[in-house]
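Chains as they are written, first to last, in my numbering: chain A, 520 to 634; chain B, 117 to 231.
Across the chosen pairs, the derived CB separations fall in these ranges: (1) A:Thr-537 / B:Asp-134: 47 to 55 Å; (2) A:Ser-599 / B:Gly-178: 46 to 54 Å; (3) B:Val-200 / A:Gln-573: 41 to 49 Å; (4) B:Lys-186 / A:Ala-615: 22 to 30 Å.
Keep in mind that the hints were calculated from the coordinates and are not lab data.
Here a beta-carbon is modelled for each residue, glycine too, at the ideal position from N, C-alpha and C.
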Amino acid sequence: AAGVIQSPRHLIKEKRETATLKCYPIPRHDTVYWYQQGPGQDPQFLISFYEKMQSDKGSIPDRFSAQQFSDYHSELNMSSLELGDSALYFCASSLAGGRSGDTQYFGPGTRLTVL
Amino acid sequence: AQKVTQAQTEISVVEKEDVTLDCVYETRDTTYYLFWYKQPPSGELVFLIRRNSFDEQNEISGRYSWNFQKSTSSFNFTITASQVVDSAVYFCALRFTSGTYKYIFGTGTRLKVLA
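From just these sequences and the hints, can you work out the full model?
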């Protein structure tokens, strides 16, 4: 079965640079979630989109922005990168905005390293 | 407070031993969902099980079993006859049915199965 696709899988950036992470949800899934997992930590929710509209917002820095496009893929844009942004970034997708209790299925993650 | 507690930071067992991972949650909601995910060394988050708050039946899937007790707000996970491939970090997560559909993760339990 098709899974969530994230690209790139690894990304190395310098401080103050920008980065764009991409997420392609499971076909027919209409909701995308972004999580950030620091080393040795649990994933922390950043933001979610349902039917191309922002549906929820967590601890996402103002330097980050995201959107969901008409084909349901999503991009997380990160600017003025800081050392503390080094983490594993997960995208997850689900059906129906999550209201039905549908499980979130996670992509393999993008490992961002800021030097 | 709405939170998930996984008090066991790390557990080591010898192959073929049984092991139980504890998960205790707090929520004011009467309807919610609980999940377990596995994060192997490769980093991806693998869905294991979903349980809604109305279904207190225990579940068994192969060597995995889950014990949900609403009275004690616990959703424990047992691996029978553990194998080296079970070595991973296991996360318990809580999700609500209204307002926000993000996951609240516990801090995870690192399981090491020694040959």
